[in-house]
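A.B. asks: Residues per chain, in single letters:
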Amino acid sequence: MAAPTTDLPAPALGSLERGHSGDRVFKALLTGAALAIPLLLAFLVYELWAGSRLAIDRFGLGFMTSSNWDPVTGEFGALPLIVGTVVSSMLALLIAVPLSLGVAIYLTEFAPKAVRGPVASIIELLAAIPSVVYGLWGIFVLIPFLRPTVFPFLKKTLGFLPFFQGPIYGPSMLAAAIILAIMVMPYIMSVSREVLLAVPNSQREAALALGATRWEAVTGAVLPYARSGIIGAVILGLGRALGETMAVTMVIGNRHEIAASLFAPGYTMAAAIANEFTEAVEDIHLAALAYVALTLFVVTVLINAIARLLIWRVARGAAAGSKAL
Amino acid sequence: MNRRLLRRLYSDAMVGLMILAVVLAVLPLLLILGTLISKGASNISLEFFTRLPVPAGETGGGVAHAIIGTLVIVGAACLIGLPLGILSGIYCAEYPAARLAWVTRFVADVMNGTPSIVVGVFAWAWIVSKQGHFSALAGSAALAMLMIPMVMRTTEEMIKLVPHSLREAALALGYSRWRTSLTVVVRTSLPGIVTGSLLSVARIAGETAPLLFTTLGSQFYTRSLNEPMAALPLVVFTYATGPYEEWHQLAWSAALVLILVVLVLSTAARLATRRKFDLNG
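Chains A and C supply the protein sequences, listed in that same order.
All residue numbers for the first sequence refer to my numbering, where the first residue is 1177 and numbers rise by one.
All residue numbers for the second sequence refer to my numbering, where the first residue is 18 and numbers rise by one.
Think of the hints as simulated: they come from the structure by calculation, not from any bench.
The beta-carbon is built from N, C-alpha and C at its ideal position, and this holds for glycine as well.
Any given hint could turn out to be false.
[What the hints assert, rightly or not] Using C-beta positions, here's what the derived DEER-type ranges look like:
no.	chain 1	residue 1	chain 2	residue 2	range
1	A	LEU1334	C	ILE85	43 to 53 Å
2	C	ALA30	A	GLU1458	54 to 64 Å
3	C	LEU23	A	LEU1334	24 to 34 Å
4	A	SER1297	C	ASN19	35 to 45 Å
Bound-form chain C, shown alone (with noise of 0.2 Å):
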């Protein structure tokens, strides 16, 4: 009898434990969000999103060129990244038993592993290295590179989830293969494809470690991809770590900013799912 109550203790004790860990783990989260407006939302005005910065020492002064940077270099990642993750996504989806499929498929996990600051190296060999300057399609390469095997297999796994019933309903109806894929197939699972190209843009708009040494950053607008640009990610690295405390307030906002991006992009990728695509239902 004793006994039983010593187990029956001991198993309470752990669910304490457990709770605790919970309460551990989520504090993070709050404190940094915290810190975040109570240290970045007084800095942030108009003018911090139209105007450029000013020189070191004096107040004010904007990050107008970072937001349109981070857009552009985000922008021409998408470019490249979203088309090859999602139509080799389908692709895998489609002839599973290839051997191509197992094989792109692996080669995505290892990619997905892959440390970004690799991946930047390998765009400052292959692009920088080669133009001898520094440029935002190098940086827009690199995040390319990170976001290709993120969007290929969220593609690929969304696709499984089409009944087999619909393709060959479709494909009894007298379909090609290509239409059943891209009129029935696809269309049904679009807004798992939307779920996971947003989530990989969320994920690479916050990446600061490819672009250091690929788009660099500046300090004007830019005007050409093949120039060094700003990027908010880089303009929270260069003002943390520097002496001012200008710098450092600039820094909070800009990463207020960031963070703000970056969680409405995630959220509204798991709405998009949640409404149409019950996963869980």
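Okay, chain A solo, but in the shape it has when bound (with noise of 0.2 Å):
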């Protein structure tokens, strides 16, 4: 966009001589500042891994497949938390991607004028809200809500698939992928939304006038040009989904087990260094907490750096189609 600066023409002597040393001045003034990102990021993952390096040396990379969190004897294995955490956030996108898809394409494609802002506004405003408010609101309101209306019929009616069976809790690994759907869904939108509305109109057009209906020309002709950019949104929204805290700690019941039936608490990577850290005594267990965490940022900046992938690829493939219009 911002054409280089550096080949600009000079300005006269005079002003050259005088705007030097303040120039310098200021270019170092925002050179250090830019440059203490890196060294910020630099310095967390040292921290992170200076702090759960007594971890690393006692259990290695079998942390990850061991399923014993034992504070009293010192054993800690990840893996309940690892996979609590896949779980909660996989099932929260299969409850929010169609949902924030419908919204993205009915928003972008179909929409009257006046509807457009307002609701992606509206929608927007679900994600100012704060983590522990949702949780509160999945304590009192939601798990209410779902114990004693939702939760049996799906039982009922879904029984006999293995994750709906046993016991009802009310904080369960169900609830908590609700409330992390609910709160992923923002993001997925308005990104999904912003790739749409950058498939040049020519696709639909074009689409249109070989006869398609509208919901046609979406399918076959603004879809497939914004995938890889709908997956990058659904990848952001991952993302979001695997680092989030409160709300998830509030109403997932925390209890360090791998169970099938999704009623049963469950536990996540974040939930568990939010709900033991201050509580930990041990450096061993303070030790093992951080290198979830270090895990969890791994992890996370893995799933990122694939998304900005996705959806620079979508973005630069429209600037493309513009120029070539």
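Join the two chains, each given in its own frame, into one complex according to the hints.
C.D. replies: What follows is the structure, given as structure tokens:
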């Protein structure tokens, strides 16, 4: 977008003399600030690594595959946390993706102009609500609602699946997934909306001119063009869901166990850190929690990098497409 | 003919489903705001803003300490985060081709996706574990770390929107580079930078996870940044997960206050840009 500023015409000699020292100070200041950010991240990685070194040395990579979590004997394994994180996030996406894509497609392709802006702002307000407020609402409104209505219904209709068997608790994996779905929906919605807006109009017009219905134009011409960007939006939502802490801690039940049933309580990496960090007294317990944090960090960095790459591909494609017109 | 009608009907049915999705998506916001107001508003009085909490079991009491705590913690985070974020944002916009700009931009995106709880663990390892006690300062550092990438990216985007001719005009009049940057380019994009800053403040004001084991929370007024301090999100969490009915009441009221603060900040942010610096127009 912005043209490089390096080869601008040189100013008159006098002002060059005067401006030189000011320019140098200014550039040094800016460079210092810009340099501080990568250094901060490197420092973060170092501190996480240093904090978890005790656990890395003792458990190694076996930490990821062991499900023994016992602060008394000093044995720690993060498998239930990792499974819980993956299951709750995937379930959340399963609920949130169709909803947010439906909203994004409706808002870009079908909605009357007067509806587009307000609805998009309302849904983006959902992203502004603090996580702890979602948790509060989950404990006192959502769970008391789900427990006597939705959960028994699922057990009755889908009870032949192992996921919907067993006793019904209030705080559970499913409750956490529903809260997470509400929380990541605005992110997926707004990013995929931007991606859809970047699809050139000629795509739609061509499909309609060939006699497609408006829905066929969406599925046949718009979505294929925006595909990798939408996948990027979904993965970005996944990144949010993996690291979400407070709301999940408050409704998931916090138990170090892998259960097939979604009605059973579970645990996630972020929730375990939030719950146990202040209570941990042994060094190895703290190190194990820091190791969990390091793992979570690495996973979210990878996920976000993939998402950015995919979204960037569409953005570049859109630019190329508009040039061709 | 029949087939065409079917395709039409299918298209309309899908639009119907999408409208349903919109309704389902908007519903949670209305429900959450509705319960917050119905459960939280009744308990809000002058006392709620001016008094300390009373022992469990008694009714009444307030969260004055947490309101002040949040102001102090967020204020300190802004003192660290805003200058760093804005200056590095200016750098990335002024020297877009520099390798450092690319690295900083990439790192900011990585930091933006980092879970806030991980940043909390970092602040704990960096400050709390070395000092040997919890402190509000560690919480501010964690929050600053969260706001830097947000402020940086919006600053950069806003500066990039300034037309290049403006910069050239200033340089042609003999302005030096730094005066052009500050008095022309940054000045023009100031409303946008303010918006980005306000939005990031709105986001960190509601953060709980990075404060859990850094500022820890407190039942009293705290005089020093070097001590544990109360904060509104922490109050909501502690009282919501506690066993007493009076606590739950306070949690709802505190959550209502918190969300009002966040919504006012983010609406103000959007209005600031809309009026002076219309991006869509």
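A.B. asks: Each hint should be assessed against the structure and marked as holding or not.
C.D. replies: Hint check:
no. : hint                              : in the structure
1   : LEU1334/A <-> ILE85/C: 43 to 53 Å : holds, 50 Å
2   : ALA30/C <-> GLU1458/A: 54 to 64 Å : holds, 60 Å
3   : LEU23/C <-> LEU1334/A: 24 to 34 Å : holds, 31 Å
4   : SER1297/A <-> ASN19/C: 35 to 45 Å : holds, 42 Å
Comparing the model with each numbered hint stated earlier shows that all of them hold.
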